[in-house]
Amino acid sequence: MLPAVLCSRWYAAPPELIYRAFTEPELLEQWFCPTPEIAVRIDKCDPRPGGSYRFVYHFPNGATVPVIGEYQTVTPGRQLIFTWTWEPPDPHAGMLTLVTVDLEERDGGTEVSVRHERFPDSEMRGRHEAGWSSTLERLVTLCAHSH
Amino acid sequence: MLAALSRGDRTAGELGEPFHISQPAASKHIRVLEGAGLVTGAADGRHRRYRLNPRPLVDAQDWLERHRRFWEGTLSQLDALLTRLQKGNS
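Residue numbers (our numbering), protein chains in the order written: chain A, 1 to 147; chain B, 1001 to 1090.
Same shape as in the complex, but just chain B (with noise of 0.2 Å):
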């Protein structure tokens, strides 16, 4: 389902026809990827269509900048074991 998403919108019939599931049965899965925040649905007419929403994975800066203090902090904890284990090896 989120394969054919990734190509375009698409209605709850659309996304259960290449499983040969009945739509309440499709909708019942799409409600499970509504949950996780992956797709987000909007009446047109008198279908709702369906659209991939990846923003829940990631927020770009935030993840560089979460790297970023990790790295800063790791080698910050091996400047402590190195004085260990020169005062150790003297």
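Extracted from the complex, chain A is given alone in its bound form (with noise of 0.2 Å):
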């Protein structure tokens, strides 16, 4: 396995509110992309255990790139962990990762932690990773097609 990514930040807002706008699809769609010239859409957002998503990232070029997962820990104004795994054309579609979000009160805000980890390695990657077998797989359609 690759290191986890971690990164944290501080907000001047409660708890309950960061933890809505982390679960309520009109708000993550005003906010959950990594710059404003990225836009997400919520095609589903169901923040119970066993629940999925799928949000999708359009880009300014057109191009548009879905990821995917399933919620496995939903502690309202405490905790959301969740799987996450980019669709198809991103590069590493497939990769099954794993996301922890932590609220925690703090000097009256919130510290917001992710930790993005499960990142398989290159050992892996060559053998039995899921994402690897999904990959295969596809390409094992794609040949039988290709007659």
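Treat the hints with care, since some could be wrong.
Counterexamples of contact, computed for chain A against chain B with all Cβ distances above 10 Å [unchecked claim]:
no., residue
1, Arg-41
2, Val-56
3, Tyr-71
4, Thr-73
5, Glu-87
6, Pro-88
Short derived list, chain A residues pointing at chain B, Cβ under 8 Å [said to hold, decoys possible]:
no., residue
7, Cys-7
8, Tyr-11
9, Cys-45
10, Thr-64
11, Gln-72
12, Val-112
13, Val-114
14, His-116
15, Arg-118
16, Asp-121
It is worth saying that the hints were derived from the structure and are not from the lab. Each residue gets a CB set at the ideal place from its N, CA and C atoms; glycine is no exception.
Dock chain to chain to rebuild the complex, using the hints, since each chain is given by itself in its own frame.
See the structure below:
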């Protein structure tokens, strides 16, 4: 496994409001993308254990890249844990990773910590990683239709 | 075929064998895999041997860096939303 990506930031807002921003589609569409030039459309967002989501990123050049996942832990105002898998055409499509979002009340506001982990390393990629397998499956399908 | 290649290098004939297809038919499949950058072939005497090439999938460091930028950018967008929401409430 590769190391986790960690990112945290303090906000002058209560955890409850931040939790809503992470779980309500109409709020997510207003911020859940890395730059204002990229738009995000929430296809599906069902924040309960076992519920799934699908967000689609729309780039200025017209490209769209979806990300899908399943909520594993849902603790309102405290924590969200969900799987994170890019879909084609992302070059890393099919690789199952895990995101943990922790909300902690601090100094009259909230510390938000994101931990994105389980990035497979090259050893696993060549063997039995889920993403590698699904890429293989797609290629096998492609081959089966290329007669 | 890719499963077979993950266990070691193979010729087109060896790759086609489990599917009971001819070598030209197997070669056609292999060309698709080569086109996708997943398989590379090299001459070995009279035959061509094929090898799995997982490199085009991911450059690990680049991958992590991309996600770090994604989360840093995304968390900074949250600031603007919270400011708007709190202004709207007051």
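Hint check:
1. Arg-41: Holds, because the least Cβ-Cβ distance between Arg-41 of chain A and chain B comes to about 15 Å, which exceeds 10 Å.
2. Val-56: 15 Å, holds
3. Tyr-71: 18 Å, holds
4. Thr-73: 18 Å, holds
5. Glu-87: At roughly 15 Å from the nearest Cβ of chain B, Glu-87 of chain A sits farther out than 10 Å, so the non-interface label holds.
6. Pro-88: For Pro-88 of chain A, whose nearest Cβ neighbour in chain B is about 12 Å away, the distance exceeds 10 Å, so it holds.
7. Cys-7: OK, holds: Cys-7 of chain A within 8 Å of chain B, min 4 Å.
8. Tyr-11: 6 Å, holds
9. Cys-45: 15 Å, violated
10. Thr-64: Result: violated, 16 Å to nearest chain B Cβ.
11. Gln-72: Result: violated, 18 Å to nearest chain B Cβ.
12. Val-112: 7 Å, holds
13. Val-114: Holds. Min distance 5 Å.
14. His-116: Holds - the Cβ of His-116 of chain A comes within 8 Å of chain B, reaching about 5 Å at its closest.
15. Arg-118: 11 Å, violated
16. Asp-121: Nearest chain B Cβ about 6 Å off; hint holds.
In summary, the structure is inconsistent with hints 9, 10, 11 and 15 from the numbered list given earlier, while agreeing with the others.
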